[in-house]
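Which chain is which? The protein sequence lines are R and C, in order. Here the working numbering is used: the first residue of the first sequence is 1, the next is one more, and so on. Here the working numbering is used: the first residue of the second sequence is 1001, the next is one more, and so on.
None of these hints come from the bench; they were simulated from the model. Keep in mind that a hint or two might mislead.
What the hints assert, rightly or not - Which residues of chain R face chain C? A few of them, derived with a C-beta cut under 7 Å, are:
(1) Ala339
(2) Lys343
(3) Ser345
(4) Phe346
(5) Glu364
(6) Ser366
These numbers were taken from a predicted model, which means no experiment stands behind them. Just so it is clear, CB atoms sit at the ideal spot from N, CA and C, and this is done for glycine as well.
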Amino acid sequence: MLAVSPPDDQRFGLARHIVLPGPLALDGGASLSQIEVGYETYGTLDADASNAILICHALTGDQHVASNHPRTGKPGWWARMVGPGKPIDPARNFIVCANVLGSCMGSSGPASADPVTGTPYAMRFPVITIRDMVRAQALLLDHLGIWSLAAVVGGSMGGMQVIEWAATYPARVRSAVVIASTARHSAQNIAFHEVGRQAIMADPNWRGGDYYGQAEGPSAGLAVARMAAHITYLSEAGLTEKFGRRLQKRESVGFGFDADFQVESYLRHQGLSFTDRFDANSYLYITRAMDYYDVAEEHGGRLADAFRGTATRFCIVSFDTDWLYPTSDSRAIVHALTAAGAKASFVELSAPFGHDSFLLDVPELSRVIDGFLRAGL
Amino acid sequence: MNLRPDLAIIAEHVAPGARVLDIGCGDGALMAELRDSRNADVRGLEIDPVNVSLSVARGLSVVQGDADTDLGFYPDKSFDVAILSQTLQTARAPDAVLTELLRIGKAAFVSFPNFAYWRVRWGLFWGGRMPVTPALPVSWYETQNIHQLTIDDFRAFVAERGITVEGAWFLAGNRRIGDTAANLRAEHAVFLVRG
């Protein structure tokens, strides 16, 4: 257990859940009358509440950043970055990680009960944006008594939230760490997401989103969505090294459509195991939020204007084998920060794992994050 | 702090609290010195990712980038001082880099190895080979110095463009020397210029 809670304060600790009063006005025009948030905290909040670090998770991530996942029993998704002696250390910082709005691990999303009807929202849940997720996190921090953040840190969609934090609440963010991310979703990014959404909606068990309480949900569609997305998280060289054309438990190809190849078997497993822990409608809503994401568009078409006058320190990191959010995406952020006169660091790290490098063993990433965060103390 | 001699000269002449951009900042040694002893607001640009990681890990604001392509993103006169140390001779377009330097910085320090240093002349004249000296330690085929220049070349270059030289310092080995016959006697030069 990493968590050290101030005694008797139920707001702090692992596996927390809170219903915050709304209304929360959303970018799409709708509003939520109340906002549920599942979250975890690690470490101890200073007396002046100045040592908090917010960690933002990726598309299918959750608040269990450094604690075992309640459904899979697996270690936290960023246990190599968060923990005693790690770059983000609960001995030094008070660490908060919240399940994003629209997700399915305790925060309001399509699987939550609509307070008006008492039944799941399903597709009646309003379409949300990355900025809406950030607004919900800000409400949580208000509840926790944290105004200023020592740092906001995230990879992939977590990095998008970090940028929105810096652009929306610049005075609340002292340092920002954006890893393997982008300031806008590209046509290719949207295209891959659309494949995933269509796979889910083409599954007859999806039933227009009203599958809650049914014997079968759209798990086949969700598994295909995950398989397609998973390919984009890896590099071609990584796949070749891991699987090549090796066959799965057989001597020769079967002249059929079983999983002859190891890579097929691996993807099928990734798809199936994903359906045990994720809600298909949440996948629709969160991918939509990512597709709508374009920080420049929110600031009159100039990304630099999102950061004008900012005092936040930025650290941008990309990976040379990431083709989902390639280095050119990070450079666009860096150029905007440069034009805005912001304090920015940027490095492209070399790692073989593609987009997923931010989650995996890249010692250089730990060194960069550690040094950057320490310098901001 | 044991700074390279040309960097020590630059560090001595940066005003306390100045906004500084160090282009080609290497491992960030000069940046760290300016931050710690001059309380300067320092940013860096560096092409080598290993050097960038080192600098960021020591808490410096350094962006991985190329002086030939990335200077255009910095606003006009956004720094009190821009520094180009041992980088001019490695640029694909040194004239364009220098123009950018003086657009971004109100003033600029430029340091470079002097190709007219007597040992270089000696090696080329008597040996007939591209010189390898302490200041130019790498063979012709692997050197990053693709635009070698001399002190007199630099003086002529800035004169043609109406750039003011506000200071010039010369080094032989690690020792500072006077102006006399600097183009022959100096291994390194540091210029402070203003556009």
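Would you check whether Ser366(R) satisfies its interface hint, that is, whether its CB is within less than 7 Å of any CB in chain C? Status violated, d = 10 Å.
Does Ser345(R) meet its interface restraint, that is, does its C-beta lie within less than 7 Å of any C-beta in chain C? OK, holds: Ser345(R) within 7 Å of chain C, min 5 Å.
Hint validation: Lys343(R) versus chain C, beta carbon distance must be below 7 Å. Holds or violated? holds, 5 Å
Answer holds if the nearest beta-carbon of chain C is closer than 7 Å to that of Phe346(R); otherwise answer violated. Given a least distance of 5 Å, the restraint on Phe346(R) holds.
Next item in the hint list is Glu364(R). Is there a CB on chain C closer than 7 Å to its CB? holds, 6 Å
Taking 7 Å as the limit, does the beta-carbon of Ala339(R) come near enough to a beta-carbon in chain C? holds, 5 Å
The structure shown violates just one earlier hint, number 6.
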